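Student: Can you make the complete structure from the sequences, with help from the hints?
From first to last, the protein sequence lines are chains C and U.
For the first sequence, this note's numbering assigns the number 1 to the initial residue and increments by one for each residue that follows.
For the second sequence, this note's numbering assigns the number 1 to the initial residue and increments by one for each residue that follows.
Keep in mind that the hints were calculated from the coordinates and are not lab data.
Careful, some of the hints might be misleading.
[To be verified] A partial selection of chain U residues facing chain C, derived with a Cβ cut-off under 10 angstroms:
{"no.": "1", "residue": "Pro83"}
{"no.": "2", "residue": "Ser90"}
{"no.": "3", "residue": "Gly99"}
{"no.": "4", "residue": "Phe109"}
{"no.": "5", "residue": "Tyr277"}
Owing to the predicted nature of the structure, the values given are computational and were not obtained by experimental measurement.
All C-beta atoms in this analysis are idealised placements derived from N, C-alpha and C, irrespective of residue type, glycine included.
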Amino acid sequence: MQLELIRWVYRLKTVWAVLLSLLVGAWLIRITGHDPIESYKALFVGAYGEYWGFSATLTKMSPLLLAGLAVALPYRVGLFNVGGEGQIYIGALFSTLFALWLPGLPMWLAIPGTIAVGMLGGALWALIPAILKAYRNLNEVIITLLMNYIAINLVSFAVGGPLRAEGAPYPYSDEVGDSYLLPIMMDGTDAHIGALFGVLAAFVIFVVLKYTSIGFGMNTVGANPHAALYAGLSVRRHIIMSMVIGGALAGLAGTFEVIGLKYRLYHLFSDGYGYDGVVIAFLANANSLAVIIASAFMAGLESGANVMQRAVGVPITVIDAIKGLVVIFVAASLAFSYQRSGLVKMINRRKRLNEALSASALGEDRV
Amino acid sequence: MFDAIADYGLITAFLASVIRLSMPLAYAAVGGIFSERAGVFNVGLEGFLIIGAFGAAYGTFHTGSPYMGLLMGLLCGCLLAIPMAIMTVSLGVNQIVAGIAVNLFALGFTAFLSRVAIGPTANTKLLPGFSKIAIPGLSKLPFVGPIFFNQDLLVYLMYVAVPILYYIMFRTAWGLNIRAVGHSPRSSDTAGLSVTRVRYVAIIGGNMFVALGGCYLVLSQVFVFSEDMTAGKGFIAIAAMILGRWSPLGALLAALLFGFFDALQLRLQFSNPDVPYEIFTTLPYVMSILALILFAGRNVAPQAIGRFYSREDY
Numbered sequence: 001m002q003l004e005l006i007r008w009v010y011r012l013k014t015v016w017a018v019l020l021s022l023l024v025g026a027w028l029i030r031i032t033g034h035d036p037i038e039s040y041k042a043l044f045v046g047a048y049g050e051y052w053g054f055s056a057t058l059t060k061m062s063p064l065l066l067a068g069l070a071v072a073l074p075y076r077v078g079l080f081n082v083g084g085e086g087q088i089y090i091g092a093l094f095s096t097l098f099a100l101w102l103p104g105l106p107m108w109l110a111i112p113g114t115i116a117v118g119m120l121g122g123a124l125w126a127l128i129p130a131i132l133k134a135y136r137n138l139n140e141v142i143i144t145l146l147m148n149y150i151a152i153n154l155v156s157f158a159v160g161g162p163l164r165a166e167g168a169p170y171p172y173s174d175e176v177g178d179s180y181l182l183p184i185m186m187d188g189t190d191a192h193i194g195a196l197f198g199v200l201a202a203f204v205i206f207v208v209l210k211y212t213s214i215g216f217g218m219n220t221v222g223a224n225p226h227a228a229l230y231a232g233l234s235v236r237r238h239i240i241m242s243m244v245i246g247g248a249l250a251g252l253a254g255t256f257e258v259i260g261l262k263y264r265l266y267h268l269f270s271d272g273y274g275y276d277g278v279v280i281a282f283l284a285n286a287n288s289l290a291v292i293i294a295s296a297f298m299a300g301l302e303s304g305a306n307v308m309q310r311a312v313g314v315p316i317t318v319i320d321a322i323k324g325l326v327v328i329f330v331a332a333s334l335a336f337s338y339q340r341s342g343l344v345k346m347i348n349r350r351k352r353l354n355e356a357l358s359a360s361a362l363g364e365d366r367v
Numbered sequence: 001m002f003d004a005i006a007d008y009g010l011i012t013a014f015l016a017s018v019i020r021l022s023m024p025l026a027y028a029a030v031g032g033i034f035s036e037r038a039g040v041f042n043v044g045l046e047g048f049l050i051i052g053a054f055g056a057a058y059g060t061f062h063t064g065s066p067y068m069g070l071l072m073g074l075l076c077g078c079l080l081a082i083p084m085a086i087m088t089v090s091l092g093v094n095q096i097v098a099g100i101a102v103n104l105f106a107l108g109f110t111a112f113l114s115r116v117a118i119g120p121t122a123n124t125k126l127l128p129g130f131s132k133i134a135i136p137g138l139s140k141l142p143f144v145g146p147i148f149f150n151q152d153l154l155v156y157l158m159y160v161a162v163p164i165l166y167y168i169m170f171r172t173a174w175g176l177n178i179r180a181v182g183h184s185p186r187s188s189d190t191a192g193l194s195v196t197r198v199r200y201v202a203i204i205g206g207n208m209f210v211a212l213g214g215c216y217l218v219l220s221q222v223f224v225f226s227e228d229m230t231a232g233k234g235f236i237a238i239a240a241m242i243l244g245r246w247s248p249l250g251a252l253l254a255a256l257l258f259g260f261f262d263a264l265q266l267r268l269q270f271s272n273p274d275v276p277y278e279i280f281t282t283l284p285y286v287m288s289i290l291a292l293i294l295f296a297g298r299n300v301a302p303q304a305i306g307r308f309y310s311r312e313d314y
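Tutor: Next comes the structure, spelled out in structure tokens:
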């Protein structure tokens, strides 16, 4: 009973870490000279409590959820895909190219087509670090990070030059055709069905990882690559597969930003979604279902921050600081495990002692 | 395309700019070596650069003295290195996770703090910084003088620091301790060396040095603090650290190489205004990746890098 309670306290460690960062965040809000309770109320009511705010949260959730999955899946194999940002850009670039190349496509072909092409873009961009990791053992963290900057510049180049719309005041492309526009979930808002897609993807990934041999292979490689190799699993193939799927998911996030929200390709359109994806995957401990919750939380922070700034006047950058705190606290919380906790050891020791005592009281101990 | 640098005077000006542009990378790479040699991955260089830049701007803004800024930058680097050390050395958090956490935290936190602590003018008001000091005699040397000896204080500090750090790392007991702990923590522990203490010192000391790179950005290059002003320099520095084979001298040389490409791309941008500048800005990143592919050897990394050491685990 006691132990069960402690086990739950440990299971919810991420929640404690998040609450702790919100607490420190409250202190930061105080520094800016505002009332933390009032500010948080504005933030969370604004993010989840009313129609418009909730639609904004769903709109933000689409790229965040997919970017979170893009990090979480390779993480299961033991890889850190910090390149979500770049893969988002390349996915968006590919889908825009497709949409502008074939503007007259009917809707039933246009949307699946762009989605496929956008995912292909992200996957190809992730394939490079995957191959370098698998065959040259180059650290994927560094390569993906460096490639982010290349991808961002590539998109800026594309929309600043060859793809630039006629007479555009700053770099963006032409609008994609009407048949490409992603359906909207909530009437009169920006909330496109991207978030729904993300939720679906999270469930598919969850089922695949849990119930199929592919998932078992990935988990095995992640847990112990030597054992996996010994069991006849190709570690290289799993590295490449997980990174490519992760890249495809990030590419999808970029695609939805184009055909769901902005309807064109802008330079610098992604506001660090790829990096937020890393935070989300941490929060979710790489569990794809938990990624849904974590991304809903992060999306709420982002959209609610706007409301908070308007209503209370707290600068929006406080959210960046809170996000940073969340990462630090969650990362630190990873170290605390139920098995290693002193309290659990103590209780177990006590239990054994009591058992021994009662055994000796019954006289079984005497010879 | 290369006409712009064909002239002698332009060549020295160009090479002097190579030195200046490579300084943040050099500070980050040389400082990062210390924690990596002690067996702790340092993916957090970007975070230490930005926190150093913030500290420098904060200190200088409030005191008007770049020296106080430098001190504040070092202090901020130290304050950020402590949680990094606690996470990686004491708690056993995955070291890459800890590094990424440090980056995201520092980028987010400085974005917020710069508005609050420096005020709304954070991005516009120019701060006092270090100006160039021509070293008497040496700066008059032909060719070499204007390139190496007409720089500012932090560049000279780098000239002095690299040989000293090289000596410490490879010729002193301290350096041996650091390398031993990163090579085989268990044998070091058996020999009576406190793995925890050595790693703490290496992480905190090394990353304070990294923070100087951020100070350089603010106090010698742009004279303002802006959000995300490091723009991936920390990640290029990681590449420099690997290419430099975890030696202070090697890291400096690798940083100079990347600084060369950075200076080259700036020069090419100016001399080719009709070519989109993005083609050139990607150059340092592309070169870092290519250099890693071509030259990163295997099995030269500190052997115990990335692994949490605990006496109780076998």
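Student: Each hint needs a verdict: does it hold in this structure or not?
Tutor: Quick rundown of the hints versus the structure:
Of the supplied interface hints, the one on proline 83/U holds, with its beta-carbon coming within about 6 angstroms of a beta-carbon of chain C, less than 10 angstroms. For serine 90/U, the suggested interface contact is upheld, since its CB lies about 8 angstroms from the closest CB of chain C, less than 10 angstroms. Because the smallest distance between the Cβ of glycine 99/U and any Cβ of chain C comes to about 8 angstroms, under 10 angstroms, the interface hint for this residue holds. Evaluation of the phenylalanine 109/U hint against chain C yields a held restraint, the C-beta minimum of about 5 angstroms falling below 10 angstroms.
Interface hint at tyrosine 277/U: satisfied, since its Cβ lies 8 angstroms from the closest Cβ of chain C, which is below the 10 angstroms cut-off.
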